[in-house]
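The chain contents come next:
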Amino acid sequence: MNNWRAAFQLTKWEIKNSAINLLLAYIATGVVAFIFIIEYVAYLEDGLVLYDLFFVIVFGAAPLFPKPKSFEAQHIQHRFLAAPVVVLQKHLPIKDIVIIYSRLIMHSLYTIPVQLSALVILYFATPLHNTLSIGSFLAFIIIWLSFSIYIGYFVPRFSIGLRGFWITNSGLGILILILLFVITFGLTLIHVIFDHGIVYWSIMAARDYPFLSIGLSIILATIGYIFWKRNMQKALKTVMFE
Amino acid sequence: MDPLLYIENLEKDVDDFHLGPVNLTIEPGTITALIGNNGSGKSTLLKLIMNLAQPEMGNIKVNNLLVHGNNESWKKLIAYQPQTIIGWDPFTGNALKEMIAPLYPNWDETLFQKMVDLFNIPLHKKFGKLSQGVQQKLNLALTIPRNTPLLILDEPTSYMDIPSKKILIDLLVDWMEAGDRSIIIASHQIDDIRKLSDYLFVLHDGEVIGHFEKEELMERYARYWISEPLPEAPIPGEVSREGNVLLSENPEATESYLEANNTRWNNRSSLEMDDVITLLLNTTTTL
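Top line first, the protein sequences correspond to chains A and B.
The number in the numbering used here is simply the position in the first sequence, starting from 1, with 12 added.
The number in the numbering used here is simply the position in the second sequence, starting from 1, with 6 added.
It is possible that part of the hints are untrue.
[To be verified] Some residues of chain B that are not near chain A, with every Cβ distance over 10 Å (derived): (1) Val20; (2) Pro34; (3) Ile92; (4) Trp231; (5) Pro257; (6) Asp280.
[Stated by the list, open to error] Label-pair distances were calculated between CB atoms; the ranges are: (7) B:Lys131 / A:Ile50: 44 to 54 Å; (8) B:Lys131 / A:Glu57: 18 to 28 Å; (9) B:Met63 / A:Gln89: 35 to 45 Å; (10) B:Glu183 / A:Ala73: 47 to 57 Å; (11) A:Gly42 / B:Asp22: 42 to 52 Å; (12) A:Ser182 / B:His24: 53 to 63 Å; (13) A:His208 / B:Lys131: 21 to 31 Å; (14) B:Asp186 / A:Leu36: 31 to 41 Å; (15) B:Ile173 / A:Leu36: 49 to 59 Å.
Please keep in mind that the hints were generated in silico from the structure rather than gathered at the bench.
Note that beta-carbon positions come from the ideal geometry of N, C-alpha and C, so glycine has one too.
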């Protein structure tokens, strides 16, 4: 608990310098959420792959939206990517676990409020509220917020520090292209095989199997949290910070 | 008394550069200058001490605590001023002070304010907006008052004007008077080394040349102006010769030989610190 308290204390300075950027990130995510609302009916009828892709991006990589330069992961040296603020913290008597918690707190600030708001607005502004009861909607929220943990935590992981070819401009360019291709291909395949996309099936799972959906999502989120936390602890011990 | 810092068989590879093996002990109450050519591994060694990089081999202990172990309490025992400052740009001096000071139980607010006044540091400006020299001064004002047992300074005066360098040296001398503290200072500035250091730890292209007591090292070398032509054969202790000027790294042996051979010298002088360092880093250099 003391570590979490210390991490909150640590993020205080970052939040003070990030107010405008947090707002910008919320607006950027809000704009995408608006697309979810206006395209919702068309998505259910025609099965837009792009709709699924946007959902995956908003819940998996939303915090990649604008951040102050000193707080976002960036190239500090050739083949070394990290958030400068993490390098600052590594030079001070701050426990590694506190640095990790502070990254998770900042990540949550950039994600949870806006993701939750987007889902609530989607629920009330579209016919989704006719499909899902409040209980099922809660399951739907947990499905996507859990996704935001077990996939989305790659963002704070990036800020902790990475070295190697894959984080150079060329490496990242190749990686992003491959990822986009694989994800789009995967999402299209789901549409082709199962007639609908993952957002539709997540709605169905929340409606028909709310407890199972909640249980599975929480298990996945827990596994994701433990995995990313250990991965970040290892990185803080092994990555060369200079 | 246990050493403050204990380094044993430390080795590190960075691409095609190899550092070590390094063995070094820092006792309380001493100032050690870390000296070497560019790229000799000084900053890498300091980063290894700070656990900012993992060694291939070896151990580092601060107050008997393993730096690369799970217990991180040693971090409060070292104040580190890096050569390159990363991540400070968005913060003002005031914000940085409020962030850093509470992390150190012995933070000296009076010393901090004194340094801010002496160096005329504007604390309300963002770090990124300050000149390199002022950034360095602020960095030092936020490092020295941490009052940790071990202070590590990596090129602390490289961007400083001459009066500020003098102020810093005086401040460090005062700081050392307070008790069992130690400083490791990596520097190319000969004045810093001459005025501050008790010991010299010399690295050359990643290899340890030696760990020397400064005064002993300075007495080890002498330059002779010989009044007669020198014999062709090497003279005991001879490092180099130019005309009738002989440089020796063993004055006792050199003088015994010269006296035994009835060879007189007109003058004898000690070497300057920079000459000694140059000799250590490149023994083939003629002085």
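Hint by hint, here is what the structure shows:
no. : hint                            : verdict
1   : Val20                           : violated, 7 Å
2   : Pro34                           : holds, 19 Å
3   : Ile92                           : violated, 4 Å
4   : Trp231                          : holds, 47 Å
5   : Pro257                          : holds, 42 Å
6   : Asp280                          : holds, 28 Å
7   : B:Lys131 / A:Ile50: 44 to 54 Å  : holds, 46 Å
8   : B:Lys131 / A:Glu57: 18 to 28 Å  : violated, 58 Å
9   : B:Met63 / A:Gln89: 35 to 45 Å   : violated, 24 Å
10  : B:Glu183 / A:Ala73: 47 to 57 Å  : holds, 55 Å
11  : A:Gly42 / B:Asp22: 42 to 52 Å   : holds, 50 Å
12  : A:Ser182 / B:His24: 53 to 63 Å  : violated, 28 Å
13  : A:His208 / B:Lys131: 21 to 31 Å : violated, 56 Å
14  : B:Asp186 / A:Leu36: 31 to 41 Å  : violated, 51 Å
15  : B:Ile173 / A:Leu36: 49 to 59 Å  : violated, 43 Å
Violation of the numbered hints given earlier is confined to hints 1, 3, 8, 9, 12, 13, 14, 15; the remaining hints are satisfied by the structure.
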